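> Each chain, written out:
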Amino acid sequence: MGERGPAVPDDHVTEDPRRWVAFRAYGLSRFLLDVQGSVDDALGAARAGQLAVVALAGRRALLICLSIRSLRVSGELLLQPDLLTFDPFRGLCEAEVAEAAVLMDRGADLANDAAALEWVRQLVDYAGRTAALLDDQDAVRNIRSPEGMFPAIRMARTWVPVLAEMGLPSLFPPAWVSSSPEETR
Amino acid sequence: MMAILEERLRGFLARFGLDPDAVVAEVPHVFGPPALMVATGSVLLGFGNDRSDVDLDVVVEQERLSQLPIVSFANRARIDVLFYTASDVSERCAHLRSTQWPLVGALSRARWLRYYRSLQSTVRFAVGLALNGTAAWLEWLRDLQASWLRERATAWWLVEAHRRRLVARWLLAGNGRLACVRYVDAVFAALETRAAIGGQIFFSGAADKWLPEKLRTIGDPAAQAALRAALMQPLVPADVREASTRGERLMAEVWAGLPASGALEAQVWYAPGVRVRRLGRRSLVTRWDMRGVEMPGDGLPATASDEEAPVWVGAIDEPLPRELERLLVEDMLWVSVARRSPTTT
Chain A
1 MGERGPAVPD DHVTEDPRRW VAFRAYGLSR FLLDVQGSVD DALGAARAGQ LAVVALAGRR
61 ALLICLSIRS LRVSGELLLQ PDLLTFDPFR GLCEAEVAEA AVLMDRGADL ANDAAALEWV
121 RQLVDYAGRT AALLDDQDAV RNIRSPEGMF PAIRMARTWV PVLAEMGLPS LFPPAWVSSS
181 PEETR
Chain B
1 MMAILEERLR GFLARFGLDP DAVVAEVPHV FGPPALMVAT GSVLLGFGND RSDVDLDVVV
61 EQERLSQLPI VSFANRARID VLFYTASDVS ERCAHLRSTQ WPLVGALSRA RWLRYYRSLQ
121 STVRFAVGLA LNGTAAWLEW LRDLQASWLR ERATAWWLVE AHRRRLVARW LLAGNGRLAC
181 VRYVDAVFAA LETRAAIGGQ IFFSGAADKW LPEKLRTIGD PAAQAALRAA LMQPLVPADV
241 REASTRGERL MAEVWAGLPA SGALEAQVWY APGVRVRRLG RRSLVTRWDM RGVEMPGDGL
301 PATASDEEAP VWVGAIDEPL PRELERLLVE DMLWVSVARR SPTTT
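Which chain is which? The protein sequence lines are A and B, in order. Residue 64 in my numbering sits at position 64 of the first sequence, with consecutive numbering throughout. Residue 5 in my numbering sits at position 5 of the second sequence, with consecutive numbering throughout.
Be aware that one or more of the hints could be misleading.
Here are the computed distance ranges between Cβ atoms for each label pair [what the hints assert, rightly or not]:
(1) A:Val162 to B:Ile218: 42 to 52 Å
(2) A:Glu96 to B:Asp298: 53 to 63 Å
(3) A:Ile153 to B:Thr99: 32 to 42 Å
(4) B:Pro221 to A:Glu15: 18 to 28 Å
(5) B:Gly262 to A:Arg157: 46 to 56 Å
(6) B:Ala263 to A:Val13: 13 to 23 Å
(7) B:Gly17 to A:His12: 17 to 27 Å
Only some residues are given here: those of chain A computed to face chain B with a beta carbon under 10 Å [as the list claims (entries may be wrong)]:
(8) Ala45
(9) Glu76
(10) Phe86
(11) Gln122
(12) Val124
(13) Asp125
(14) Val160
(15) Glu165
(16) Gly167
If you're looking for bench data, these hints aren't it; they were derived computationally from the structure. Please read all numbers here as calculations on a predicted model, not as lab measurements. Note that CB positions come from ideal geometry on N, CA and C, so glycine has one too.
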């Protein structure tokens, strides 16, 4: 993705619309459906003194944040538990990986509840900066709140038709769309 | 046991001024009257914290419906209601009962997912508390307490640990950083095997997050120490080879005393979205037509022509052929682990 001027303020030129759509659509979906939940899990665990759960939930949140950043460059679209060659670092520069790595390593060695709460604060900050890259107000709305389904509905309305038109895979977990156990997406 | 589950549920709901009857009342009857309603999830397991929700899994006599969770916020308590068709629940349970794991024969991603989802949803019912249901469905629920389901969960995690370690080994030369992540994931799966043997068979929606609490509950300090050692593995190790050796050693420690899985084989399939195109004597392998690898030769099997046949099958300790290793590193392949057929030489 590159930007060229002179042009209208806030316009954006992309040389690869499929990649741009992948980043915006899958990035938003991952943030709303995966990152927010894992950050929330880390917060709940920190308050309850479940330090290893903080580390595990934080690890998941950080790896998915990296994968969202990677979508800008060359990251894979499908992220599911069975896809073991999925690479959350794909295309990222060393500095971008290192920032998350330092945070993750610190999260694995939390001394006490206070340290866990402080660490979760840093995790929330990192996740927030990842959301900001998506340039979408819905990314910062809490999907686990009473108003939370509205961003998800907007996401579906905006991106599902575009992805289908481009021949890209669906955004949502298969079980949300069909009760059939044979569905393979 | 039911009394403990009820106590946990009541204790959690009381903080919001609710009781189980109020939760039952939150379930919409848009799909008809429930045949079975089960409260499940971390609160029932005793792991819940102040950010937890209550999951309500509801069976209805419908032919087809979406499994999009319906969320309610009674008195600010988050309640996730998940509907299942009666036929799906019965079919998944029957599939689990009749299918030994590891599977013998071709294990495509579709078959793997069918088993995984069957296990995941059946276990959710098994560890929960029935809030109401018909006599037949309550009897079905009681059957899930028998040892067969625990055996299925144990076998599944054991094979999954093998699968993750195999992929870690195969990635090591081409993508050491990702290999190290998969070694840690393999240790988690081996630890889940120990948790399942101890009766902790719940699959959380977000992979592995309750593993520390499961190990604490079964009272396995060696497993807890192994988990801590796995978590301490740096995300970007200074020396990838050394990190992989540590991963192998940790796997061996965690696996000590676990049941044998029998002779296993590795199967390699194309990943979803992969397409192979012939370009004269070369092949272009793409995923979603967004990324591609141009390979010399035209020996790669075509995609989509026969999804029942893997691209490659070998013993679990066999190295991957070089051209396939290249595709694996580029995230173009999917790997399964099955039981080696007695007729395989």
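> With reference to the structure, classify each hint as holding or not holding.
Do the hints match the structure? See the list:
no., hint, in the structure
1, A:Val162 to B:Ile218: 42 to 52 Å, "holds (47 Å)"
2, A:Glu96 to B:Asp298: 53 to 63 Å, "violated (38 Å)"
3, A:Ile153 to B:Thr99: 32 to 42 Å, "holds (37 Å)"
4, B:Pro221 to A:Glu15: 18 to 28 Å, "violated (56 Å)"
5, B:Gly262 to A:Arg157: 46 to 56 Å, "holds (50 Å)"
6, B:Ala263 to A:Val13: 13 to 23 Å, "violated (56 Å)"
7, B:Gly17 to A:His12: 17 to 27 Å, "violated (49 Å)"
8, Ala45, "holds (6 Å)"
9, Glu76, "holds (5 Å)"
10, Phe86, "holds (6 Å)"
11, Gln122, "violated (15 Å)"
12, Val124, "violated (13 Å)"
13, Asp125, "violated (18 Å)"
14, Val160, "violated (13 Å)"
15, Glu165, "violated (14 Å)"
16, Gly167, "holds (7 Å)"
Violated hints, in rising order: 2, 4, 6, 7, 11, 12, 13, 14, 15; the structure is consistent with all others.
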